[in-house]
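Protein chains in written order, with the numbering used here: chain A, 3 to 435; chain B, 49 to 480.
Please note that a few of the clues may not be correct.
Looking from chain A toward chain B, a few residues come up when the C-beta cut is under 8 angstroms (computed) [claimed, not checked]:
1. Tyr101
2. Met256
3. Ala259
Pairs of lysine-lysine residues, derived as DSBU-like cross-links and limited to a Cα-Cα distance of at most 35 angstroms, are as follows [to be verified]:
4. A:Lys6 - A:Lys348
5. B:Lys352 - A:Lys105
6. B:Lys320 - A:Lys39
7. A:Lys23 - B:Lys352
8. A:Lys219 - A:Lys348
Think of the hints as simulated: they come from the structure by calculation, not from any bench. Each residue gets a CB set at the ideal place from its N, CA and C atoms; glycine is no exception.
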Amino acid sequence: MYPKRISLSGARFLSAIQTDKFKTETLSVSIVMPTDKKASPISLLALSILKRGNESYKTQGEINLRLDELYATSISVKSQRLGNANILGFSAEMLCEEYTDGKTDIFGGTLEVLTQMLYHPLTDENGNFLRSYIESEKNNQCDSIKAQINNPRSYASKRCREIMFEGDAYGISLLGTVDSVSQITERALFESYQHLLSDYRYEFFYIGPRTIEEVAKRLSEAFPFDGRRESVCEVAQSVPKKKADRVRRVTEEMPLAQGKLVLGFTTETNIKSEDFCTMLVLNEIYGASPVSKLFMNVRERLSLCYYCSSFYDIFKGALFVSCGVSPENRDKAEREILSQLSEIVKGNISDEEFEAAKRSLYNNYRSLSDSPAHLEGYYFCRNEFGVDCTIEQCMSGIRAVKISDVVRVASNICLDTVYFLNGSGEEGEDADE
Amino acid sequence: MLTNKKESRKLREHYYKCRHKSGLDVYVFPKKLTVSYALFGTKYGSVDNCFRIAGEKDFVTVPNGIAHYLEHRMFTQKDGSDITERFSEYGADSNAYTTFTKTVYLFSCTENLDKSLGALIDFVTEPHFTGELVDKERGIIVEEIKMGEDNPYDRCFYGLLEAMYQNNSVRINIAGTEESVSEITADMLNACYRTFYAPNNMALVVCGDVTPEEVMFTVEQHLPSDFVSVDAERRYLDEPREVYQAQYEAYMPVAKPIFTIGVKDSVIGNAKERMARDAAMQVLCEMLFSRSGKLYNDLFESGKISPELSYGYSIVEQFAFLTIGGEADEPTEVLAYIQEFIREKQKNGLSCLDFERCKRVMLAEYIKDFDSTEEIANNMIDYIFDGGDIFDCYEALEGVTFEDVERLLHTAFDPSYFCLSVIRPDGQQKEK
Chain A
3 MYPKRISLSG ARFLSAIQTD KFKTETLSVS IVMPTDKKAS PISLLALSIL
53 KRGNESYKTQ GEINLRLDEL YATSISVKSQ RLGNANILGF SAEMLCEEYT
103 DGKTDIFGGT LEVLTQMLYH PLTDENGNFL RSYIESEKNN QCDSIKAQIN
153 NPRSYASKRC REIMFEGDAY GISLLGTVDS VSQITERALF ESYQHLLSDY
203 RYEFFYIGPR TIEEVAKRLS EAFPFDGRRE SVCEVAQSVP KKKADRVRRV
253 TEEMPLAQGK LVLGFTTETN IKSEDFCTML VLNEIYGASP VSKLFMNVRE
303 RLSLCYYCSS FYDIFKGALF VSCGVSPENR DKAEREILSQ LSEIVKGNIS
353 DEEFEAAKRS LYNNYRSLSD SPAHLEGYYF CRNEFGVDCT IEQCMSGIRA
403 VKISDVVRVA SNICLDTVYF LNGSGEEGED ADE
Chain B
49 MLTNKKESRK LREHYYKCRH KSGLDVYVFP KKLTVSYALF GTKYGSVDNC
99 FRIAGEKDFV TVPNGIAHYL EHRMFTQKDG SDITERFSEY GADSNAYTTF
149 TKTVYLFSCT ENLDKSLGAL IDFVTEPHFT GELVDKERGI IVEEIKMGED
199 NPYDRCFYGL LEAMYQNNSV RINIAGTEES VSEITADMLN ACYRTFYAPN
249 NMALVVCGDV TPEEVMFTVE QHLPSDFVSV DAERRYLDEP REVYQAQYEA
299 YMPVAKPIFT IGVKDSVIGN AKERMARDAA MQVLCEMLFS RSGKLYNDLF
349 ESGKISPELS YGYSIVEQFA FLTIGGEADE PTEVLAYIQE FIREKQKNGL
399 SCLDFERCKR VMLAEYIKDF DSTEEIANNM IDYIFDGGDI FDCYEALEGV
449 TFEDVERLLH TAFDPSYFCL SVIRPDGQQK EK
């Protein structure tokens, strides 16, 4: 299953995979823009307001009632980081009409709701969004910012990323800060919305039983594509971070039962690099698979933690290891995490480990085709990065990786930042190494 | 071998139920997707902590968290290796989970289904518990418990159950506590295993591009001959209908109070009646709490709650409750608002139009669950262990009448069934 991609009009594109594999069909619209410290949180706020009401459906309740009538169609806000780019938009999931009474045009109805949301928001006499919706969504966005501490594990990962990529778009929060969001003006917000409509590239993605021609026709009929300024915005270049000359260590405090340790590494390899597939295999051996070195040693052999795993951001080329560990075992865990990386650098990789890593990746990649969201995720981002590679081609790339490649690439991996969210202890910036 | 085919025309799906001679029921749900998903589960969870094998003199009570501990320990093989390595050799991804009422071992794969299925059957039927290995696991489990303690949403949920239930073991964390797991020994694990890991208490579910013949061939090859049924007797303490305590409160590093409202429901012995109540309650919840409804939108538009408000109903043999969870500055006010809203509905009645709409929504959501082998297999085992059936659930939903939900509305929401659990920000404690 491979998408076709066509131009609809100017900077509006449609990718579609025609399949009757699923009982649902999905349609998303993604607006592609660079991550910007000031603009990104405003754009997100504008999008949230669009979900609150429009000329046809004045409130969120009315929108939801309409979606219920369309056999529980769901429309969710899309806000995603793709390397240094920020993807905003809406995703809709609809029940295929063969499972309904046949009297409801679910697809057409969903398009109508989407266009209402995007192009016909409620405005006041000055041409701004309704003040009540602005205030309410500002509060919600501020709440989301504050609520990041509610999940200490993901909060620790976020803090490590921010510290490691200070000064880089990748380190910016898409939500903004409580102060910056509170200060967004009505005018700035509406202007941001107008930029969303005209300044950026739109990527539609459809998966379902319809042909791309039919979807293109229905989209062109429903969306007012003409008469808009069409300036294509390039996806911000996501250049991997270079090796740091010193390791940055930060410990922060929170009253927790367990400390959360996150190590950030530079790899100098991302989805566009020649060594990309090697890096995928390496990550699997190191900490991503259920039989990885980190799992087998930090957890199983030393019983230091419940979770210890690695995450490789394929767009930014950064590698993170995350581990929940009691404060008294923190040093021991860190030593073991680093020592397992040294094992890879030294070439201590068994054939079994190596093959297991590849099989695990094949399994993951093959599995993508069972989920519309994963299929879209795979092809959408490859299109953004200009990587023309089907799932099958990606698997061939993995198949061709040799142990010697993994060892070579491992030597480029360099510890950059060590972040520890401590359950009890001293807070502050530790001495750098 | 008895094989039954069951079909749903509405869903355009079917499955087979095969009874193996050992007494094990094997369910095969053919589905032309890339991923195959298999589950081998036992109807034995954290609430089953007092039991005996029929004929034995005394009931034994085991430490809390033992079902989960046992699940962790199953992965080690006699030769000291971890079964995960064998799955990974076949390219499969294996895992396990323990709930209040069941323990499930599983894998997903895109190749070598027969080999992985063999491995699944092998390791679940060949336990290997030694004192040393049991001790070694403790550190990992204690870290898992601590991780849960740092999760305010988990704490809020468990706090609710602790307050709502007086005697039922559902009030105790599935993983137990640091103290309770320190008492667990290899002998105890063996006793639990002997009692509950038997064909008449287990089920095997396979969903994927596979036939019942292929599955049963592998089952036949791998099920050991000493895998025989056991007549287990469980003992549960009586539980009052009303909530034990109306409130639970704790302080954690959270931004805004996190709350879960619980409504304790009556226990129903008959599986068919349970399914009917489940269906009616699903529709009623959708009518009362969904994002299209007045209650949610009033609370949301007035800023009384954060946008995310979740709700769900669980009903099994041993317990039943409804939960409504979210974040709010004043959870007590939210509770009062919800209770008042329900009182108003009890007085003035529900709307027939709302009923039809919500029923349609629930049916559509149900159909959407059949797009994933993982979803299908996990839902199936839930129904199987509760004496139900995945397709009957559709009929149960279709069969819900307006009178059913009205009756529920009038009987299920007595103030004495309500409980509120709140995790408040640390700072609020200092202010008090």
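These are the hints, each one checked on the structure:
A cut of 8 angstroms between beta carbons decides the hint on Tyr101 (chain A): the least distance to chain B is about 5 angstroms, and the hint holds. Because the beta carbon of Met256 (chain A) sits about 5 angstroms from the nearest beta carbon in chain B, less than 8 angstroms, this interface hint is met. Residue-level restraint check for Ala259 (chain A) holds (minimum Cβ-Cβ distance to chain B is 4 angstroms; threshold 8 angstroms). Proposed proximity of Lys6 (chain A) and Lys348 (chain A) is contradicted: the alpha carbons are some 44 angstroms apart, above 35 angstroms.
Restraint check for Lys352 (chain B) and Lys105 (chain A): the C-alpha separation of about 38 angstroms exceeds 35 angstroms, so the hint is violated. Distance hint between Lys320 (chain B) and Lys39 (chain A) is unfulfilled; the C-alpha atoms sit about 56 angstroms from each other, more than 35 angstroms. Distance hint between Lys23 (chain A) and Lys352 (chain B) is unfulfilled; the C-alpha atoms sit about 42 angstroms from each other, more than 35 angstroms. Note on Lys219 (chain A) and Lys348 (chain A): the hinted pairing is violated, with a Cα-Cα distance of about 57 angstroms set against a maximum of 35 angstroms.
Hints 4, 5, 6, 7 and 8, counting from the list given before, are not met by this structure.
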